[in-house]
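Please build the complete structure, drawing on both the sequences and the hints.
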Amino acid sequence: MGKKKFTMEKRHNLTGWVFLSFGVILICWTSFYPMIQAFILSLQSGLGVNLKFGGFSNYARILKDPTFKGTLFNTFFYLIIQVPIMLTLALILASILNNKDLKFKGLWRTCIFLPCATSLVSYSMIFRSLFANDGLINTFLRNLGMNPVMWFANAWTARFVIILALIWRWTGYNMVFYLSGLQNIDYSVYEAARIDGANARQTLFKITIPLLKPTILLTTITSTNGTLQLFDESLNLTNGGPGKSTMTMSHYIYNTSFVQSPNFGYAAAMSIVILVMVAILAILQMKVGDER
Amino acid sequence: MNFKKVLACVLAGTMVFSMGAVMTAGAASEEDNKLTVWTWDPNFNIYAINKAAEIYAQDHEGFTVEVTEIQSDDIESKITTAVNAGDLSTLPDIFLMQDNSFQKYTTFYPDVFTDLTESGIDFSQFSEAKVAYSTLEGVNYGVPFDNGAVVNCVRTDLLEQAGFTVDDFTDITWSDYMEKAKVVLEKTGLPLLTAQAGSPDMIMMMLQSCGASLFNEDGTGNIAGNEVLKQCVNNYAQMVADGTLVEVTDWDQYISSLNSSTVVSTFNGCWIMASIQAAEDQSGKWAITNMPRLDDVENASNYSNNGGSSWAICSNCQHVDLAVDFLNSTFAGSTALYDDVISKGALATWAPAGESDAYNVPVDFYGGDTVYAKIVDFATKTPSNATGAFYYDARDAVGVALSNITQTGADVDAELEAAQETLDFSMGV
Amino acid sequence: MSKGKKFGMYLFLIIFSLLSIFPLYYMACAATNMSVDVSRGRLIPGTYLIENFKTLIANQDLFRALWNSFRNSAVLTLLCLLICSLAGYGFEIYHDKAKDIVFTILLTAMMVPFAAIMIPMFRMFSKLKMVNTMAAFMLPSISTPFMIMMFRQASRSFPKDIIEAARVDGLSEVGIFFRMFVPTMKSTYSAALIITFMNAWNNYMWPKIILQTNDSITMPMLVSNLLGGYTVDYGMLMLGVFICTIPTAIIFFFFQKSFTEGITGAVK
Chain A
1 MGKKKFTMEK RHNLTGWVFL SFGVILICWT SFYPMIQAFI LSLQSGLGVN LKFGGFSNYA
61 RILKDPTFKG TLFNTFFYLI IQVPIMLTLA LILASILNNK DLKFKGLWRT CIFLPCATSL
121 VSYSMIFRSL FANDGLINTF LRNLGMNPVM WFANAWTARF VIILALIWRW TGYNMVFYLS
181 GLQNIDYSVY EAARIDGANA RQTLFKITIP LLKPTILLTT ITSTNGTLQL FDESLNLTNG
241 GPGKSTMTMS HYIYNTSFVQ SPNFGYAAAM SIVILVMVAI LAILQMKVGD ER
Chain B
1001 MNFKKVLACV LAGTMVFSMG AVMTAGAASE EDNKLTVWTW DPNFNIYAIN KAAEIYAQDH
1061 EGFTVEVTEI QSDDIESKIT TAVNAGDLST LPDIFLMQDN SFQKYTTFYP DVFTDLTESG
1121 IDFSQFSEAK VAYSTLEGVN YGVPFDNGAV VNCVRTDLLE QAGFTVDDFT DITWSDYMEK
1181 AKVVLEKTGL PLLTAQAGSP DMIMMMLQSC GASLFNEDGT GNIAGNEVLK QCVNNYAQMV
1241 ADGTLVEVTD WDQYISSLNS STVVSTFNGC WIMASIQAAE DQSGKWAITN MPRLDDVENA
1301 SNYSNNGGSS WAICSNCQHV DLAVDFLNST FAGSTALYDD VISKGALATW APAGESDAYN
1361 VPVDFYGGDT VYAKIVDFAT KTPSNATGAF YYDARDAVGV ALSNITQTGA DVDAELEAAQ
1421 ETLDFSMGV
Chain C
2001 MSKGKKFGMY LFLIIFSLLS IFPLYYMACA ATNMSVDVSR GRLIPGTYLI ENFKTLIANQ
2061 DLFRALWNSF RNSAVLTLLC LLICSLAGYG FEIYHDKAKD IVFTILLTAM MVPFAAIMIP
2121 MFRMFSKLKM VNTMAAFMLP SISTPFMIMM FRQASRSFPK DIIEAARVDG LSEVGIFFRM
2181 FVPTMKSTYS AALIITFMNA WNNYMWPKII LQTNDSITMP MLVSNLLGGY TVDYGMLMLG
2241 VFICTIPTAI IFFFFQKSFT EGITGAVK
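Chains as they are written, first to last, in this note's numbering: chain A, 1 to 292; chain B, 1001 to 1429; chain C, 2001 to 2268.
These aren't lab readings, by the way, just hints derived from the structure by calculation. Think of the CB as a built atom: it goes at the ideal place given N, C-alpha and C, for glycine as much as any other residue. You may find that some hints are simply not true.
Stretches of chain B that chain A covers, calculated by requiring three or more beta carbons in the stretch to come under 8 Å of a beta carbon on chain A [as the list claims (entries may be wrong)]: (1) 1072-1081; (2) 1245-1259; (3) 1364-1375; (4) 1385-1393.
Structure, rendered in structure tokens:
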């Protein structure tokens, strides 16, 4: 019997490997292979196609680059402010929308999801015109008797607009994961809690959050990753300005490769640095959030 | 409906389509009388190249062009990608490139281009400043196309309120211009200019109007201690401080200011006229003149350039002779072509085209002025300057300096010093 | 729930929804106005819709772009759901130390900025003579660590005793996956479908590099073409953007229904 059990386990183990092999092989081919190429590239220096082996000179260059430091600061600033606000909002919205008695659920959900379906072009145009010097927001402020703010002229207000835009665009996206995660929690658990007299806040902290933990981990890792690789908003909303005070790391990498004189080795080196930073954060988050 | 069934049906259906798609892709035609072209804007460049093909086909039966619409940035990134991947076979026979990018690409990726110096195209018939963009170390890589001559577009009705006419803004100096701007602001309550914040376009136009640039003859950066640049930046910052130049957040807001009468004038490449003309109700209220010239600067002129592009033949082209002959007999040899594309606002830099009747037609929108002939004249007077391979790096650095100066009142010398350092950092690899 | 609380809840939802749909309203208005009115900031619907539509289809191959985008996104989404759910299930249900380590390594694959691997990837596909093929467009996004993780996390709530029971009943491992897991995880599949479809639909950077013919134009490429000229026709642009937004919204609307249905079938 013991022997049979052992082979059963072995067989299941093997089945598991077969199941995940398709996905893993594809990722190795389309992500890891180019990633290794990028690493090799990061050891080469030069402009255009005139590359030669430069060892770690590109990494040394990062340390001397004030623009990189500025973009690093911006990116982490967005991360620290935006991710917690956005995820909390998404969680609150998801638990409201999961309420059995709520009417027009489909409508609310679709409305709240819409921002992330909206094309980047229109949404950046709209945000820019809303926050323009004589835009809607400033008209509103003027009517309240306050001084209008030149939102895009000042580094901090421009960063604020970017964070606002990010929250606006991605809250609905994260809400989708929470909603689908909430479906895997049996409703009877909530019924029981209500009978026990638990209030909304207790339900949230004692039931929803613990049971949604795997999903919360997922969204935290992807939002962290998404923010550290933030590119679209920086390019389309502010184009990094004023000056380079709202530019993100990915935007700078893109510029280094395709806008300014092409320095691919340096761009690759900066990418590897981002990779390492995100990986460390992800591993930390996995350690904290992935215990079974 | 059953979820699984829907899934299965859609899956099966789409798989069949995808198979079909994979099978048909990659079946390239091998016709000898066809050229592939990458360019952008159906109402401008695409229209022009198709028109050129039509004209060329009259004497060359069966000739066609296959145009793929690709934005200029995307053409550039595709070229970059293809070269770095070592596979030029994915590139077209002919592509259009922004003049400002030409130096960068010919410097870093010379293998992409076909040398046109000895091709038989007469480059002397184009304006000198224009040809300079696509020339690197005496080698011609591009056939000039549209004109980016700077025009100063002014609202005559608003100027009148301030007691001025167009003539008061013609052939003037910057100091004169800035004083008149204050009067305009006082009388009409409107700024004379609007500009996209953080964009150094205006500075670049001012620099070129006296043949100056951000680079020295030897290609090194010339930002710190560049007196001409300093004067440009100071003028700009002064106008912002006076309130006669209002910075807007982005390009859309800039266009909006022109269309909605919240600004009295603008100067930019002549292609801006198409956007101005979109406001049909303002017909007759606009006029065209030249831009102000810098005070006390050697070679200062009232003429400059912004934008414009040129055609290049890819080194991968299988029919170089055909491509050269095509460009030579159209963009460098057909007044009929330029007479036609003028309807789209595309103006020639090819001198013989400017003598044609089509260029001397009065345009009602600009009060019946013969604006096209005027612009061709501007173009020929435009000084040429060095753009260089690091044009965008330098431009970016100056943009940062400019926004620090106007927004936070930073010291001009210190900011230009910092910009120089940024540029040197990019160049010092 | 008390009346006041209920009121508060609805008020919160209404405000949030209004903020969310405002841009859509703006787009819809702009799509019915002339370019010059759009840039003057007109915020009420106009009468120029038909003209904008005419200019749009005269300038751009709208129907081809719509079809291409739809076809690409649909095929990609279905392949992605199949492969990623299989992998996520494999990682979780048969999990052991080795698989957890492989998974953590896998996660790093989503952390490289795309700009960095674009060129190596292009080189790879151009060597395989796959430039301009749909396969080259799809392959990099069929299997993503993100989707695998999503299914891995969701599998955690899939009751293990069902699996044991099914095994006793003599169902094969593949059978358990398709007959028990797939129908049960409807809401997860719906969420994954919505997200993958949306990402595929809006994907711009990679297709613009790998697809280079007019025939393979997608909606985001079309929208970017509308922005490319010296003059932008804002009415036409917004109409294009609007048309580009609608399909994702429709997909969402249809598939979000499964979020209300909860766990069904096998589990009960």
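Results of checking the hints against the structure:
no.	hint	verdict
1	1072-1081	holds (count 4)
2	1245-1259	holds (count 7)
3	1364-1375	violated (count 0)
4	1385-1393	holds (count 4)
Hint check: a violation occurs at hint 3 only; the rest are consistent with the structure.
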